[in-house]
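Construct all of the structure, not just a fragment, from the sequences and the given hints.
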Amino acid sequence: MLELITIPQSRYLNDSTSVRYDAYCKKQNVEPRTLAIEGQDGTVAAHWIGNPDAETVLLYLHGGGYTQSANEGNFKYIDKLLKDLNSGSGCRSVAALFLAYTLAPEAAHPTQLREAATVLSHLITKTGRSASDVFISGDSAGGNLTVAMLSHLLHPHPDVPAIKLEQPLGGALLYSPWVGFGTDYQSYDNEALDMLSPLALRKWSAMFLNKSNAADPEADPGPISGDAWTEACLNPASWWHGLHRVVGAIFVSYGSYEILADPIKQWEKELKKGWSHGGGDESQLTFLEAPNEAHVFPILELMTPWKAKSGTQAAIEAWYKSRLQK
Numbered sequence: 001m002l003e004l005i006t007i008p009q010s011r012y013l014n015d016s017t018s019v020r021y022d023a024y025c026k027k028q029n030v031e032p033r034t035l036a037i038e039g040q041d042g043t044v045a046a047h048w049i050g051n052p053d054a055e056t057v058l059l060y061l062h063g064g065g066y067t068q069s070a071n072e073g074n075f076k077y078i079d080k081l082l083k084d085l086n087s088g089s090g091c092r093s094v095a096a097l098f099l100a101y102t103l104a105p106e107a108a109h110p111t112q113l114r115e116a117a118t119v120l121s122h123l124i125t126k127t128g129r130s131a132s133d134v135f136i137s138g139d140s141a142g143g144n145l146t147v148a149m150l151s152h153l154l155h156p157h158p159d160v161p162a163i164k165l166e167q168p169l170g171g172a173l174l175y176s177p178w179v180g181f182g183t184d185y186q187s188y189d190n191e192a193l194d195m196l197s198p199l200a201l202r203k204w205s206a207m208f209l210n211k212s213n214a215a216d217p218e219a220d221p222g223p224i225s226g227d228a229w230t231e232a233c234l235n236p237a238s239w240w241h242g243l244h245r246v247v248g249a250i251f252v253s254y255g256s257y258e259i260l261a262d263p264i265k266q267w268e269k270e271l272k273k274g275w276s277h278g279g280g281d282e283s284q285l286t287f288l289e290a291p292n293e294a295h296v297f298p299i300l301e302l303m304t305p306w307k308a309k310s311g312t313q314a315a316i317e318a319w320y321k322s323r324l325q326k
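The sequence shown lines up with residues 1 to 326 when you count with full-length UniProt numbering.
Derived from the structure by calculation, the hints contain no laboratory data. Keep in mind that a hint or two might mislead.
So the derived label-pair ranges between C-beta atoms look like this [to be verified]:
#	residue 1	residue 2	range
1	165	8	33 to 43 Å
2	128	4	23 to 33 Å
3	210	184	41 to 51 Å
4	311	30	22 to 32 Å
5	4	256	22 to 32 Å
6	127	30	12 to 22 Å
7	8	30	42 to 52 Å
8	9	326	42 to 52 Å
9	218	184	19 to 29 Å
10	127	22	16 to 26 Å
11	51	311	41 to 51 Å
12	305	30	36 to 46 Å
13	23	317	22 to 32 Å
Result set (DSSO-like, lysine-lysine): computed pairs, CA atoms no more than 30 Å apart in a straight line [stated by the list, open to error]:
#	residue 1	residue 2
14	272	309
15	80	273
16	326	164
17	80	326
18	309	265
Treat the numbers as computed from the prediction; the structure is a model and nothing was measured. Built from N, CA and C at the ideal position, the CB exists for glycine as well.
Right, here's the structure in full:
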């Protein structure tokens with residue numbers, strides 16, 4: 001179904017991330033609070049969920065193949081996560097800053113990375129917080145952008161302003177990250193069990209990387225490849241040497257039924273090797289493959305009638321709480 005919807009149709013049917021944020025705030029009867037920062041590509045908008053004066057901040061990067069805006073489910077999930085994390089005692093308070101990055105094909109890589117870097121730089125230089133008070137997280141394409149941000153901190157992208165950290169970020173959490181653009185992995189046999197399709201991912205990656213057919217951008221572009229910042233699963237272990245100096249810990253969740261499983265596993269192998277060979281403690285890396293779950297399940301389960309919290313979500317919250325201890 002996803003591959004049948006064109007970009008013009010999507011733009012007609014779906015409001016922008018910022019408009020949807022305002023609508024969510026109105027529905028929740030809370031005042032919208034938007035941070036507008038001037039960046040290289042113009043004004044970058046990021047939206048607060050929770051108290052902007054919280055001790056720690058989660059910079060959240062939404063999914064959607066870089067071509068689709070965030071939806072109510074994204075805001076609802078982050079809102080509930082924050083309420084659960086802030087409800088206990090012994091932990092620092094946390095709020096989220098939700099980046100409304102420019103979508104593809106209207107803007108291509110590295111625009112989204114520059115926008116994320118602009119907001120991250122603001123958080124650690126203008127808000128009185130140290131890097132250890134800032135977490136970064138994303139789902140699917142937002143997971144791709146999260147890993148690109150970590151790569152940029154370690155190996156500055158030539159077209160993105162560098163960010164100097166005095167200490168590592170508090171942590172990074174990724175939901176089903178899109179770390180490889182190839183669609184010939186064996187896990188793509190899970191297509192019937194997952195929401196994603198190989199054709200949609202090829203089209204979206206081409207739009208994101210400015211590699212679409214100019215005459216027909218909706219046509220299947222065939223195999224697409226990225227670079228070291230956008231296609232993490234192809235990087236050698238040496239790329240990740242020293243990553244522990246820019247982020248304190250990483251948690252990755254994905255489902256055994258999703259088509260992105262194999263690229264994630266390929267990335268996991270090289271990341272763990274590079275992290276430990278570069279001097280990092282491998283116990284700070286957590287990869288959770290959830291049995292019988294598909295793409296970004298912790299977020300999707302909030303849209304179902306199920307009331308019980310999944311084991312995956314419980315593990316995510318436990319990880320956060322361990323990092324938020326006072």
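Each hint, compared with the structure:
The hint said 33 to 43 Å for the Cβ distance between residue 165 and residue 8, and at roughly 41 Å that hint holds. Remark: the range hint 23 to 33 Å for residue 128 to residue 4 is contradicted by a beta-carbon distance near 48 Å. Range check, residue 210 to residue 184: Cβ separation about 22 Å, and the 41 to 51 Å hint is violated. Under the hint 22 to 32 Å, the C-beta atoms of residue 311 and residue 30, about 30 Å apart, fit the expected range.
Separated by about 27 Å at the C-beta atoms, residue 4 and residue 256 satisfy the suggested range of 22 to 32 Å. Between residue 127 and residue 30 the beta carbons are some 20 Å apart, a value that agrees with the proposed interval 12 to 22 Å. Checked against the hint of 42 to 52 Å, the C-beta distance between residue 8 and residue 30 comes to roughly 33 Å, which is inconsistent with it. About 49 Å separates the C-beta atoms of residue 9 and residue 326, a value consistent with the hinted range of 42 to 52 Å.
Look at residue 218 against residue 184: about 21 Å separates their beta carbons, and that is inside 19 to 29 Å. Taken as a hint, the range 16 to 26 Å holds for the pair residue 127 and residue 22, whose Cβ atoms sit roughly 23 Å apart. The supplied range of 41 to 51 Å is broken by residue 51 and residue 311, whose beta-carbon atoms lie about 29 Å from each other. Checked against the hint of 36 to 46 Å, the C-beta distance between residue 305 and residue 30 comes to roughly 25 Å, which is inconsistent with it.
For the pair residue 23 and residue 317, the beta carbons lie near 27 Å from each other, so the given range of 22 to 32 Å is met. Distance restraint check for residue 272 and residue 309: the Cα-Cα separation of roughly 29 Å lies within the 30 Å cut-off, and the hinted pair is therefore satisfied. Between residue 80 and residue 273, the direct Cα distance comes to roughly 35 Å. Violation of the 30 Å bound is thereby established for this hinted pair. Among the hinted pairs, residue 326 with residue 164 is consistent with the structure: their alpha-carbon atoms are about 25 Å apart, no more than 30 Å.
Only pairs whose Cα atoms come within 30 Å are accepted, and residue 80 paired with residue 326 is accepted, the gap being roughly 21 Å. Taken as a hint, the residue 309 and residue 265 pair is honoured in the structure, with Cα atoms around 25 Å apart against an allowance of 30 Å.
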